[in-house]
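Let the hints inform the model, and build the full structure from the sequences given.
There are 2 protein chains.
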Amino acid sequence: MGFDAIEVITVKRDRGELSTAQIDWVIGAYTRGEVADEQMSALLMAILLNGMNRREIADWTQAMIRSGERMDWSSLDRPTADKHSTGGVGDKITLPLAPLVAACGAYVPQLSGRGLGHTGGTLDKLESIPGWRASLSNDEMLAVIRSAGAVVCAAGAGLAPADKKLYALRDVTGTVESIPLIASSIMSKKIAEGTGSLVLDVKAGSGAFMKNVDDARELARTMVELGTDAGVRTVALLTAMDRPLGLKVGNALEVEEAVEVLAGGGPADVVELTVRLAREMLEAAAVPGAGDPEEALKDGSAMDAWRRMIVAQGGDPDAPLPTAAESAVVVAPASGTLRTLDALKVGVAAWRLGAGRARKEDPVSAGAGIVLHAKPGETVRAGAPLMTLYADEAARFDRALQALEGAYEIGEDGLDLLPLVIDRLTA
Amino acid sequence: MGFDAIEVITVKRDRGELSTAQIDWVIGAYTRGEVADEQMSALLMAILLNGMNRREIADWTQAMIRSGERMDWSSLDRPTADKHSTGGVGDKITLPLAPLVAACGAYVPQLSGRGLGHTGGTLDKLESIPGWRASLSNDEMLAVIRSAGAVVCAAGAGLAPADKKLYALRDVTGTVESIPLIASSIMSKKIAEGTGSLVLDVKAGSGAFMKNVDDARELARTMVELGTDAGVRTVALLTAMDRPLGLKVGNALEVEEAVEVLAGGGPADVVELTVRLAREMLEAAAVPGAGDPEEALKDGSAMDAWRRMIVAQGGDPDAPLPTAAESAVVVAPASGTLRTLDALKVGVAAWRLGAGRARKEDPVSAGAGIVLHAKPGETVRAGAPLMTLYADEAARFDRALQALEGAYEIGEDGLDLLPLVIDRLTA
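As they're listed, the protein sequences go chains A and B. Read in order, the letters of the first sequence correspond to residues 1 to 427 in the UniProt record's numbering. Read in order, the letters of the second sequence correspond to residues 1 to 427 in the UniProt record's numbering.
A few of these clues could be false.
Said to hold, decoys possible - Negatives, chain B to chain A, calculated, CB over 12 Å: (1) ALA42; (2) ARG54; (3) SER74; (4) THR173.
As the list claims (entries may be wrong) - Keeping only pairs whose Cα atoms sit at most 20 Å apart, straight-line, the calculated EDC-like set for lysine to aspartate or glutamate is: (5) B:LYS165 to A:ASP14; (6) B:LYS211 to A:ASP4; (7) A:LYS211 to B:ASP4; (8) B:LYS211 to A:ASP14; (9) A:LYS360 to B:ASP4; (10) B:LYS360 to A:ASP4; (11) A:LYS165 to B:ASP37.
Calculated from the structure, these hints are not laboratory results. C-beta atoms are modelled at their ideal positions from N, C-alpha and C, and glycine is treated no differently.
Written out as structure tokens, the structure reads:
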């Protein structure tokens with residue numbers, strides 16, 4: 001089927017609807033290098049500005065899936081469940097969640113990514129565990145999932161290569177912020193991963209990709225439609241990212257907090273969201289005789305699954321985690337109620353401390369990050385520690401403290417926070 | 001001044017206004033190869049869809065002018081006048097106009113282009129004159145203008161190189177059809193040519209770039225503003241391109257018709273538009289004691305200027321023009337009034353006969369084209385010749401005749417044609 005790139009661009013430029021054949025052709029031809037980067041970026045800008053309808057987004061996603069391999073878990077004897085978060089500050093939920101859901105009876109094949117900018121990446125966090133390996137072959141993945149019930153690893157290069165090439169192009173052409181393109185990018189990888197069910201954690205607030213709830217809801221709706229159209233049972237929760245999740249932000253620090261949760265402790269919001277997402281995953285996967293997640297945190301079975309998962313990927317769950325050489329304490333300037341704690345500012349501060357990276361090829365510090373001593377709604381005393389910053393070099397504190405300017409408010413008035421779980425969307 | 005390409009793209013994507021410094025930077029950096037094609041094409045699509053205001057368009061134009069050299073005619077002892085047509089079918093007006101205006105007392109430095117698609121190019125037409133050369137150095141241009149009063153030649157590579165690079169990119173990315181980009185492309189070259197005054201012939205109708213009068217008026221208004229803002233006295237005429245101009249369409253055929261006009265004859269519409277544009281140019285250039293164009297066509301002084309101009313560029317004005325080997329006559333299928341004659345269809349037919357090119361590097365036939373035997377409004381008899389097609393190979397007639405399907409209507413009803421001169425715009 002031969003089309004012309006200019007013809008396809010012109011349809012979308014003039015607010016027309018792209019046909020299934022046009023979308024198939026342009027994604028395939030771009031992946032093969034027959035449509036040039038400058039043509040695809042003009043098309044992407046036209047899509048960003050003029051949109052795509054539900055059918056076009058589904059076709060775009062399917063065309064990206066067809067550009068590569070599709071994984072197959074049909075040899076497993078239990079249902080598979082997967083979760084995807086759009087990313088936030090202190091969002092370590094995947095770490096306790098994957099072994100927890102495994103302990104309750106589902107298989108959890110979780111392909112994850114690395115952090116960029118102020119949001120952390122699950123693989124960066126797990127790599128702070130001595131010996132732990134992110135890259136597995138498909139056979140190794142299957143072996144880990146059979147022995148531990150869950151696997152968290154890097155997506156191979158064969159999965160949706162069109163998406164990889166498109167994402168790199170969008171990144172340098174100002175065409176990232178398009179809900180149809182974001183939704184199809186996420187869902188092409190998740191559908192190609194071959195999961196039977198998917199729970200989406202779509203975050204809204206300053207620390208999230210979607211700053212406001214309406215945009216987050218639109219993204220969630222689009223992804224639920226895409227999953228449903230592709231035959232994957234898909235549910236989305238809209239959750240709060242106006243303040244950080246939990247009390248620890250940073251790679252090893254977040255592993256530490258995840259282990260606290262798996263040991264039956266941890267901050268209330270992390271526990272609540274982990275349990276809620278676990279129940280959604282077990283329900284979406286329709287696991288027969290599924291265990292109770294709260295029970296699995298208390299009885300140690302989730303922790304057992306975690307230890308098996310870490311060991312199966314070469315990690316030592318008992319080895320001490322790396323720590324940063326330097327620390328600095330931020331004290332409360334006044335007494336009162338901590339009214340706000342801006343997720344974006346805390347995320348940028350942690351990034352500047354060394355926990356995050358500006359470019360894909362940059363290294364991250366395992367020990368750097370922030371420990372919060374109070375969360376919004378709690379009472380603080382003037383002079384008492386509000387947060388502790390950690391970095392490998394003390395020289396990093398200045399710019400991190402600059403990022404924290406205006407990050408919190410202490411006062412008497414009522415709180416204006418988003419509910420932890422804002423909404424739930426299904427097909 | 002360092003900007004980031006993504007930052008500039010994002011401003012326009014989000015319907016913001018680009019600053020002068022951002023426009024300067026992005027045009028300069030793109031010309032130097034520091035902004036990539038895929039970034040510029042995303043910006044161009046955002047400009048096409050979200051527009052630019054008067055200040056942004058002026059800055060964009062000035063930045064393109066600054067990317068190259070600017071010509072200087074201040075050593076000449078008479079005012080300079082220039083004309084630009086947005087192009088059409090049978091539009092050979094530059095050929096009689098440049099020597100006519102020279103004969104009336106202005107200097108006419110006319111940098112012209114080649115044809116692409118269904119519209120012809122002035123240089124292609126003149127190149128059908130044996131010996132005539134389109135490429136001149138700046139010194140040669142000055143010598144021709146001093147001896148003949150007018151020069152029609154190819155723009156050198158040094159003039160607005162940013163525009164050349166941008167035009168090639170727009171051509172393959174579906175970003176040609178943007179009034180701010182079209183206007184700044186035309187005006188950057190015209191302003192860089194250093195003319196003191198400029199008359200624009202903006203065509204509207206099927207055979208023009210702008211199919212409807214409103215778009216043509218918007219383009220004309222934008223270009224008049226740009227010229228005025230750059231200190232060039234600029235006037236625009238909106239003229240009809242719903243039917244071809246004159247009776248001859250094709251390279252040598254149009255030279256032939258131009259010479260008829262210079263000899264005091266020629267079709268009424270070509271004469272009327274040539275004289276009208278000549279008066280506008282003489283007025284805009286404020287030529288002291290300017291001659292009368294109608295007089296100069298009658299008394300042979302325009303023809304003398306034409307002959308000097310052709311000779312000065314190596315051409316032989318007395319040499320026979322090339323003719324096509326094959327011809328075919330289209331006869332009227334009925335008797336009545338020729339109500340319409342579609343400019344686009346006639347233009348496409350002439351192109352398929354060999355008069356035009358599909359790609360910049362294609363050759364054109366000098367002799368190919370179409371001679372009309374009737375114009376809209378005239379009475380035709382069933383079986384009488386309506387037009388004669390000329391081509392170097394008879395095999396070309398089939399596809400040309402296909403292009404002419406539905407190109408004309410013969411009936412009794414009134415005419416629905418645009419007036420030859422639709423409107424006149426000034427600052």
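Cross-check of the supplied hints:
1. Its closest Cβ contact with chain A, about 4 Å, brings B:ALA42 to no more than 12 Å, contrary to its assignment away from the interface.
2. Every C-beta of chain A lies more than 12 Å from that of B:ARG54, the closest at about 22 Å, which supports listing it as non-interface.
3. With a closest Cβ-Cβ approach of about 40 Å to chain A, B:SER74 is found to remain outside the 12 Å limit, as its non-interface label requires.
4. Not every Cβ of chain A is farther than 12 Å from the Cβ of B:THR173; the closest lies at roughly 4 Å, contradicting the non-interface assignment.
5. Restraint check: the Cα-Cα separation between B:LYS165 and A:ASP14 comes to about 24 Å, which exceeds 20 Å; the hinted pair is violated.
6. Of the pairs offered as hints, the one joining B:LYS211 and A:ASP4 is violated, with about 23 Å between alpha carbons and a cut-off of 20 Å exceeded.
7. With a C-alpha separation of about 23 Å, the suggested pair A:LYS211 and B:ASP4 falls outside the 20 Å cut-off, and the hint is violated.
8. As the CA atoms of B:LYS211 and A:ASP14 are separated by approximately 16 Å, the hinted pair is consistent with the 20 Å bound.
9. For the hint pairing A:LYS360 with B:ASP4, the CA-to-CA distance comes to about 18 Å; that is within 20 Å, so the pair holds.
10. Simply put, B:LYS360 and A:ASP4 have alpha-carbon atoms about 18 Å apart, close enough for the 20 Å limit, and the pair holds.
11. Taking the CA atoms of A:LYS165 and B:ASP37, the gap is about 16 Å. The hint holds against a cut of 20 Å.
Hints 1, 4, 5, 6 and 7, counting from the list given before, are not met by this structure.
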